[in-house]
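**Student:** What follows is each chain in one-letter form.
2 protein chains.
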Amino acid sequence: MRYRRHAMALIGAVLLSQPSLAGPETGAEAAIRAADLAWLRAYQAMDLKKSVDDVCAADCEVLAPNAPRAIGRAAIRDSFKSAFALPDMKIEWHPDEVHVAKSGEIGYSSGPYRMTWRDPKGKLVTDRGKYATIWRLEHGQWKVTLDMFNTDLPGQ
Amino acid sequence: MRYRRHAMALIGAVLLSQPSLAGPETGAEAAIRAADLAWLRAYQAMDLKKSVDDVCAADCEVLAPNAPRAIGRAAIRDSFKSAFALPDMKIEWHPDEVHVAKSGEIGYSSGPYRMTWRDPKGKLVTDRGKYATIWRLEHGQWKVTLDMFNTDLPGQ
Chain L
17 MRYRRHAMAL IGAVLLSQPS LAGPETGAEA AIRAADLAWL RAYQAMDLKK SVDDVCAADC
77 EVLAPNAPRA IGRAAIRDSF KSAFALPDMK IEWHPDEVHV AKSGEIGYSS GPYRMTWRDP
137 KGKLVTDRGK YATIWRLEHG QWKVTLDMFN TDLPGQ
Chain C
17 MRYRRHAMAL IGAVLLSQPS LAGPETGAEA AIRAADLAWL RAYQAMDLKK SVDDVCAADC
77 EVLAPNAPRA IGRAAIRDSF KSAFALPDMK IEWHPDEVHV AKSGEIGYSS GPYRMTWRDP
137 KGKLVTDRGK YATIWRLEHG QWKVTLDMFN TDLPGQ
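Sequence order for the protein chains is L and C. If you read the first sequence in my numbering, its first letter stands for residue 17, the second for the next number, and so on. If you read the second sequence in my numbering, its first letter stands for residue 17, the second for the next number, and so on.
Heads up, none of these hints are tricks.
Here are the simulated DSBU-like pairs of lysine-lysine, each with C-alpha atoms no more than 30 Å apart in a straight line:
(1) 118(C) - 118(L)
(2) 159(C) - 159(L)
(3) 118(L) - 66(C)
(4) 118(L) - 159(C)
If you're looking for bench data, these hints aren't it; they were derived computationally from the structure. Predicted model only: the values in this text are computed from it and were never measured.
Working from the sequences, and respecting the hints, build out all of it.
**Tutor:** As structure tokens, then:
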């Protein structure tokens with residue numbers, strides 16, 4: 017098992033060393049990674065101004081499961097408010113991947129998320145899934161232009 | 017009602033005429049739109065070669081609901097095979113939005129989808145939702161590098 021893990025790590029290292037698949041992180045990629053993690057902290061703090069107004073572009077779209085596309089900050093604020101209202105809501109996500117166009121004004125981050133909350137009976141519910149966020153540079157600041165996520169868990 | 021619709025169309029036209037939100041479609045945007053629609057036709061024809069090998073980048077990722085991230089063509093082939101195996105499966109999607117970076121090698125398309133199939137009891141099931149696809153230009157051809165979708169319907 018330990019050997020197999022080691023072999024997988026080696027294969028991973030070889031794949032990552034292929035420039036066509038993933039080169040060294042650029043400054044713009046590091047900036048998107050930082051913006052993604054700052055967004056997580058604002059979301060965890062349930063700060064609507066910092067998680068919507070400060071980071072979402074005016075025409076930003078959030079594509080959440082079990083809901084129509086939320087377009088614009090007012091709709092996104094409503095969507096986030098519902099999540100923030102879940103009892104004991106806790107969330108983590110991580111930008112495992114970041115890519116930016118050569119022109120440096122459009123990029124995306126993607127990775128796993130984990131969210132827990134209490135259902136109406138007080139039982140702790142855990143959801144695990146993945147997300148992709150598309151970012152656009154506006155006046156030197158990375159803004160979210162599209163965000164989407166879905167669960168890894170089997171359907172009911 | 018007719019008046020309201022007309023007003024909404026006018027508001028839409030004004031929004032679309034704002035260059036900061038959506039300028040005239042560029043050649044690269046038209047190319048991604050065409051690639052997106054060609055992908056739909058290959059998927060509708062349940063052609064694994066044309067819908068996976070010919071259009072998905074080697075490191076392509078499909079982020080489908082209720083499943084872990086499918087990475088690479090073999091995993092995506094398995095994911096598509098499951099969808100193609102659904103009895104009487106029919107699917108439509110439409111790239112309502114297309115954006116491309118100024119450098120012209122990374123872009124994305126997004127829009128609604130509608131999928132129907134028969135459940136094990138033979139009952140017709142309809143799902144409606146939205147998708148986002150990230151495209152990368154490789155040797156002059158637009159390839160899918162990340163594709164994600166989720167349902168608009170309420171959760172069970």
